[in-house]
Structure formats: structure tokens, C-alpha cells
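Hey, can you piece these two chains together into the complex? The hints should help.
Listed here are the chains, written in short residue letters.
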Amino acid sequence: MNERSIAALQSEIEEEFSFFDDWTAKYEYLIDLGRSLPLIDPALKDDDHLIRGCQSRVWMASALENGTMRYTADSDAIITKGIIGLLIRVLDNHPPEEVFAAELSFIDAIGLKEHLSPTRANGLLSMVKQMKYDALAHTAKKTS
Amino acid sequence: MFTAPELLELRAQFPILESKVHGKPLVYLDNAASTHKPERVLEAMNAYYRTAHSNVHRGVHQLSQKATDAFEQAREEVRSHLNASDTSEIIFTKGCTDALNTVASGYAELLQPGDEVLVSTLEHHSNIVPWQMACKRSGAVLKVIPINDAGELLWDANLLSPKTRMVAVNHISNALGTINPIEQIVRDCRTQNTAVLVDGAQSGPHLSIDVQALDVDFYTLSGHKIYGPTGIGVLYGKRARLDALPPYQGGGDMIKTVRFEETTYAEPPFKFEAGTPNMAGAIGLAEALRFVRQVGLERIQAHETALLAQATEALAQMPELRLIGTAARKASVLSFLIEGAHPYDVGVLLDHQGIAVRTGHHCTQPLMERLGIPGTARASFALYNTPEEVEVLVQAVQKAAQMLYEPTRA
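Chains Y and G supply the protein sequences, listed in that same order.
FYI, in the numbering used here the residues of the first sequence are 755 to 898.
FYI, in the numbering used here the residues of the second sequence are 579 to 988.
Check each hint, because a few of them may be wrong.
[Claimed, not checked] Derived DSS-like pairs (lysine-lysine); straight-line CA-CA distance at most 25 angstroms: (1) G:K977 x Y:K780; (2) Y:K867 x Y:K883; (3) G:K834 x G:K672; (4) G:K834 x G:K598; (5) G:K721 x Y:K780; (6) Y:K886 x Y:K799; (7) Y:K867 x G:K834; (8) G:K721 x G:K741; (9) Y:K883 x Y:K799; (10) G:K672 x Y:K780; (11) G:K602 x Y:K867; (12) Y:K867 x G:K977; (13) Y:K867 x Y:K886; (14) G:K834 x G:K644; (15) Y:K895 x Y:K780; (16) Y:K883 x Y:K895; (17) G:K714 x G:K741; (18) G:K602 x G:K977.
Source of the hints: derived by calculation from the structure; they are not laboratory data.
Just so we're clear, the structure is a prediction, and the values are computed from it rather than from any experiment.
This is chain G alone, in the form it adopts within the complex (with noise of 0.2 angstroms):
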């Protein structure tokens, strides 16, 4: 766990963490949702607009080329950071629902009707509606993989058939936690030609990736879960895969050559960024990626495992609290509900301890319906949280079931 002079030094760099919320310090539990950024982060994009600024790829003069420099060099920065081979497997997003988009909207013409995609009951809703979306336009089959009451994968190969194109599956449950046996399922998958698609939203801030050793299709990136802002992400792909996967915007830049009578397109990863690409969020999210390694994953891994066992250890005393996601491998959140109340009104009661949690179904409806609840609260955490802070968790929770509770009639 950081020590508490590195925890200052860290939560510095946050100023919004000094917050009062109902006239009580902010505890920011809400990590999942959305992280915070450092100042350098903010700086960097600020830098851009103000010294380098320019439309990319497409300009001869002096600070066109710096603006291509910078995004091109943010592009090597996340090729490095999930150990790429190559930057053109690196393809900038609006997001993580964006490129799970791209590769779903691509695959929706490559399916042939009668194959199959496999997705499982822990996806985020990101990750089902454009396979469902797919299986609809190509006449291809979704199916499920399923889950025990722990919120742990039930991976079998015998899920595959010699149809299975595709296999989406997240590698850690926003809701849950769990952290999913990724390569496991890419070894099952290798022994057939079907691709493996690892919806990254939530493990970029708690994991190092190395996509190269996953051996993974397709890899997706949230940038303003990993400290870096909105409306950026990225796509990895495999080149191969790249190469064969149809566009998924039409556009400036993603072409080659534009006749009435014939387009042909650019290779990737210009292919799938067609227009003008979010510079400074790609800029911001390669600061963030920078600051991350500076602090180390690992220890980022470390501390937020230590701060998640002194919640669970804490909570998990309450005989009228139920922990949501019990897996043997967990990151970061944990999702709890109290007897007999909803997870609203825990939520209202949270937030006017100063606590900020989410509640509801956390976009996993059929996770919900799985578990047969209506959502669960959840607190979710980031290298700047603190062990003082998992105790006012802790406390405001006792608090709001001694407010709430009520003993479910039999």
C-alpha cells in the first residue's frame, strides 16, 4: 500500500479530491465510473491548444507537422504501454464504447448468418448491444456464457462450436470485479480461427496489460477511466485483424483515394479514425499512461487490493449486508446490498456522508436479472484513495443500515 507521505503527495496532484460535498469531505468512490485527473494532465492538453495546435496529417506548414508529432507520438506512447508491435494496431476511439463499436459494426458485415458470438452474463451493456446489433444485420447467433452466484466465469471450451467467430468478454466486471481467465480463453479459442475481443474499461487503471502476451484479437481502452479525459479511448487490434476488419466511419483521412465511381481506404489505423481525430484527449491520455507507469501498476495493483480487503474485511461483519460479487480474483470494487433496502436509498444516504458510490444496475441489466436483484451499491477504487477513507466508507454504511434496514419477511 503507498505510505501515507505518498498518498499526500499523490492526492495533491487531484486537487478536486479536497472537495466538500454536504459540508463534508469528499470520498471519492466512484472510480469505476470515472477517475479523476492530475494537473499534468490537464496541463498537457492545455499545452497543446496553446503551442502546438493544428488540424493533423494533412498540413505542410510548421505547426501542422508539431500536431502530428504530438498525437503521433501519444499513438507510440499507448503502442508502449500495452506492448503493441506496432503502431499502426493502435487506433484512437471516442471511447471504449466506441471501439467496441468499431470491431461489432465490422463483424456485423463479416458474420455469415448461422455463426455464432459469444459474449458473457458480466458484460456492460457496451458490450452487448453492438453484438446483438451485429448478430441482427448478419443473421449470425449471440449466445451466453454463463455465471455462478460468485460472479466468476463459467468458461468451458466446449462453449465453442466450429461457428464461434467471435468471443467479447470483459476483463474485469465493472460490477463485480472479477477479474476474468482471459488467457485461458484465448488458448481455447487459438485452437480454432476464433477472435478474441477483451473489453479493457475497467482494467486499464488496475492492470498491466501486455497484449502481445494475452494474445488477444482486439483490445479496448477507456481513456477517462485511467486518469486521462473523456472522449478518447483505444482500439488494439491485431494488423492481421485490422486489415480485414471493414471500416466503421466514412470520412476524411480514412482514405486512400476518393472517386465518385470507386473509394478505396487508408491502412490502419488511419482506416478507423475518419475525421479529425480528439488530439488533445489523445495528448492527455498519453500524459495519463506516463503518470500511471511513473507510479507503477504493480504498486497501483497492490494498494488497491489492500484497500479492498479492509472494506470487504469491515463489511463483510455486517450480518445484514450482503457482498455482491464474491470471485476468488477481484479488482477494485466492491458491490454490496443492504437487507431489505434499496440500493438507492443507500446511495442518498452515502452521499450525504460525503460519499460518492453508484448505485443502480451499473449499465449490466442482465447481470442483475442474473443475480436476481434490482442493482447493488458500489464503491470502486483509484491509486488516490486511502485507508482513512475506506473507514469513513465503513462507518457511513453502518450508518445507513442502521437507518435502512429491515428484516426481508419471510
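Just chain Y, with the same shape it has in the complex (with noise of 0.2 angstroms):
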């Protein structure tokens, strides 16, 4: 289990982009992150784990271990893969009841919200929308 909690780490990150001049320096920032991170089990980029954007296209893979969330996940646009690696970085390896209610507003404080918007049909949306779901499904699981 992560030891911080996800408005922790929110916290954190929008700490560290608060130090970004310019747009520049925050998407070199985020291309870095999108080519450093192995987010994905290549064998797991099927269509069941393909959440399908006009733009580019998500893939994310979820587990129960141990009582907390796993995620990995992928895209073949950096961009939007180095946001990736911003969300699993808050929402991975927490209990489920809390993915399910994690408010993400860090993402609108460093200044993405318009990736994650719907009419950017880049998958991300989706995504967060499916991890959520995921988290659902698992807390039913654990209460029923």
C-alpha cells in the first residue's frame, strides 16, 4: 500500500510543476516521464484492455493485490502517456474505496485539465473513468 495518501500526492506533484516557467520545460517534463515509464504488460495490449480515443489510444490493465489497486497502462502518444504516468503515479496501490472517491483535481491546478477533457478524445477520460470502475467493481467484491 502506498504510504502516501492521494491528496498527498497530489500535492506533491502540483508542487513540483509549480516550479515549471513555462509550457516548454512542463511538457519536456511530461514527454520525459512518457518515454522513462514501462507502464504496461506488452502482452496486455489487447482490445479488452483498449480504451479507443479518436486521437490516440489507452490501454490500462487493473488487479486487486493485497487490498489495494494495480494499475499499469499505456499510450502510443507520449503526451498523453506521461499523463498517464502522473495519474498511476496518485492512484496506484491504494484501497479501492478510495480510487473509487479520489477527486483528481491536481490535474486542473497544473494546468492539463484540457487533456482530460471529452471533446479531446485522447482516451484519458475514459481511462480515468475505467479505473474508477475497476475500483468499483472491487469494492462491491469486498463488501458482498
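Structure, rendered in C-alpha cells:
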């Protein structure tokens, strides 16, 4: 289980991003993040795990392990992948009820809200919904 | 190319071009998706609503006569612009997609099982899906004209069979800018009774169109792509073809007499204009066509060709950039990919530099599949773009490439 809470992780990211002077630095960081994260078992990049967006594709796999949600994901667009890296950093390895209840305010705070807009059709918004849906499904299992 | 003072004067008619994006001047290069509207088009539409509006074709009172005259004058303007022989051959639609559906829906009733419809690999979904629907309803077969890797149509008269009833192709490809050999296709189709429909969504703003000289059976235009309003388009059809085509939508205005036992239809064009038309849209479109004719389509074409050449030459020098669509004859559109980068990423980084391009599959999924790519980043030029804007684009693409370029691992 992640020692830091979802809220604490979001604050951490907001602070890191506050040091960026301009959009170039911010996006260079995202691109680096996207490049350096091995996010999903390539065997799982199949249609079952595909979240189809109009602009870029996203794959996401989730599992409940030792009472917490574990996520891996990937995208064919590197900026999308960088944002995925941030989302997983915040949501991975927490109890499912906490993931389901999480409000991802940090995305707006760091000026990336547009990437999670449904009109972007880049698969990110659908991915977040799926992550929460998977968490909810595991919450139901635990209480049943 | 337009001179600097001419460009200033042209751009002054489009105040939206002074907008800022992420704090930077807007460089609008998404004209293939939609163009901006000059003030005179907006004023014409407002003036219509302020002084002339009423429902058309039905009224005895003066205001309705004024509206009808304005609407029918707009129709005559379009006829003249396309050099159609008669206004009955000019149908106002909701747009180019609506015009294509009007024809395809009628053909769903005219086609027999085993008949063939030919479309091309370059087609926009709007000139594929309606034909797929028509073939499904009628039992006809859809066949595809192939392309080469440069994005040129591999037209061959042998693609025609005795069963080919319709060839539907775009004049200019929205994804690649290829100008297609319509004249040749029409000549070959004339040796048999095969109809030719040309999707002119992208050609309207870039080429002079003479439907009699082209001898096409149907030609479609998009209003919002030629500096006109959204929600209006044109279907041109040869009178004989329109007489033979079953109507698309039923309702008021497209009828002669209505009885529960039997209803008879009006003649073209009204046969295909059910319900209250988009009068303001038609008037806006007519004003846009007047504007374009006054600027001069030949001059517009020369200007855009020069911008395209400037951009192509500069971007072709980047080893990590791949031009997509390298036909010998092209208009206005420059599609590209940066090696190892997804077009979405390119679009985001260009947006932050104030540049509006379109990324993705451009509603041409079969074409993207044929080319083996997920999509492209596409810049498309219009009469109000400048050589300075091309410079900004080139520098912005170079910056995006620096940030994104990753050699594809062998």
C-alpha cells in the first residue's frame, strides 16, 4: 500500500509543477515521464484492455492485490503517456474505495485539464473512468 | 501570391484572425476543417434577418416575397458560380455530407442487386458510409479505386464494368491535398451510362468549378469551407439525373399535391428541399461566393500554391519529418508526421505555439489504414494565410520535433 495518501501525492505533483516557468518545460517533463515509464505488460495491449480514443489509444490493466488497486497503462501518444504516469502515481496502490472516491483536482491545478476533456478524445478521460469503475467493482466484491 | 498590403486588407475582413492562443498570435492553418467568415458574409446574414426574413415560397405578403427573392437570388448566384445550366439543378442542403447522402439515398432505390458503385481509397467517410448504406439496402457492391504511396489515385478505365452505375470521388483529398483526375474519370464513364459524383468539399475554396465543362452528373459543395456559414451546402445535379433520383426527405415544399391515397412530388430543385430551408445560410453562402469571385479564384489558387510550396520546401529539409501525400498535383493541404511521434503530440505542441492544425485520421480511416499510419498532423492554407505564418509554422514544427523526435528502434 502506498504510504502517502492520494491527496498528499496530488499536492506533491502540484508543487513539482509550480517550478515550471513555461509550457515548454512542463511538456518536456511530461515527455520525459512518458518515455521513462514502462507502464504495461505488452501482452496486455490487446482489445480487451484498449480504451479507444479518436486521437490516440490508451491501454489499461487493473488488479486487486493485497487489498489495493494496482494499475498499469500505456498510450501511443507520448504526452498522453506522461499524463498517465502522473495519474498512476496518484491512484496506484491504494484501497479501491479511496480510488473510487478520489477527486483528481491536481490535473486542473497543473494546467492540464484540457487533456482530460471529453472533446479531446484522447482516451484519457475514459481511462480514468475505467480505473474508477474497476475500483468500484472491487469495492463491491469486498463488501459482498 | 497576394502582396503584403493586399493580405492586410484581406485579413482585416476577418477579425477573428487577431485572436490570441495561449498568449500567442493565432496562426490558423485548419482551413480544410473550416474557414473563417468575412464581415460581409455575417452582415448579409444579419441584414436578411433584420430586413427581409419571412418563410419562403408560401406567402402572398410582401415580406415573404422579399425573402423568397433573396433566397432564389442566392440560388442563381450559386448556379452562376458553378456554371450550371439552370437553377433547377442547384439544390440547397445542410452541408456537403447532407448533399452526398441525398444522392446515395436516392441511389439506394435505383441500384439493382449486383450493380457496382466505385469509390476511392482517398474518400472522406461522408463519401463512403452513405454508399455502404445504399449498397446494403439495394444489394449492390461497393468497389474501391486504389492509390499509390504518394496518395495519387490509380484510376484505370478497366475499373469500370458493365455493372458500374456510379463513380463517387472527391475532387481534392482533405487528408492529402491530392487533386484527382476528374476529367479523365468522366471521359471514361461517358463510354457507358455510369454516373459520376464529385465531392467538392475541398475544391470549392481552391478551384474554379465549371460543372458543364467537367460534365459531371453530381457535384457537392460545403458552405462553411468556402468562407460561408455552417449548415448550408449545395448539391448540383444534371436535370435528367435529378428527375430520375427519388427524393431524400419528405415533407412540405417538396410536394405538388398531397392526398392520403397518393402524393406527387415537386420538380427539382424543390423536390429535394423538404421543409423550411436555411435562408440565412443560403444568403451567407451567396455572399461568400461573391467575395471569393471578387478576390479571384485564380489568384487565391496561386497564393495558396505558393504558401504550400514554401512550407513543403522548408519541412522537406527536416530529416525526421515525413511528408504524407506527395502527389504531383496538390492543393492547399500539407500532412506530415514526425518520426517516432504521434500526431496528437505534434498537435498539442503546435497549439501551445499558437498554431491551429488538425491531427488524427481526418475522417479517412480507410486511407490511414492503407498508408499504415495512425493519422497525420495537417496544415491547410486559405486566402488569408501569410508567408510569415508559414515561417512560424516551420519554426514551431522544428521545435516540436526537437521535443518529440525519437528514432524508431530497428
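Can you list which hints this structure breaks, lowest number first? 4, 5, 7, 10 and 15
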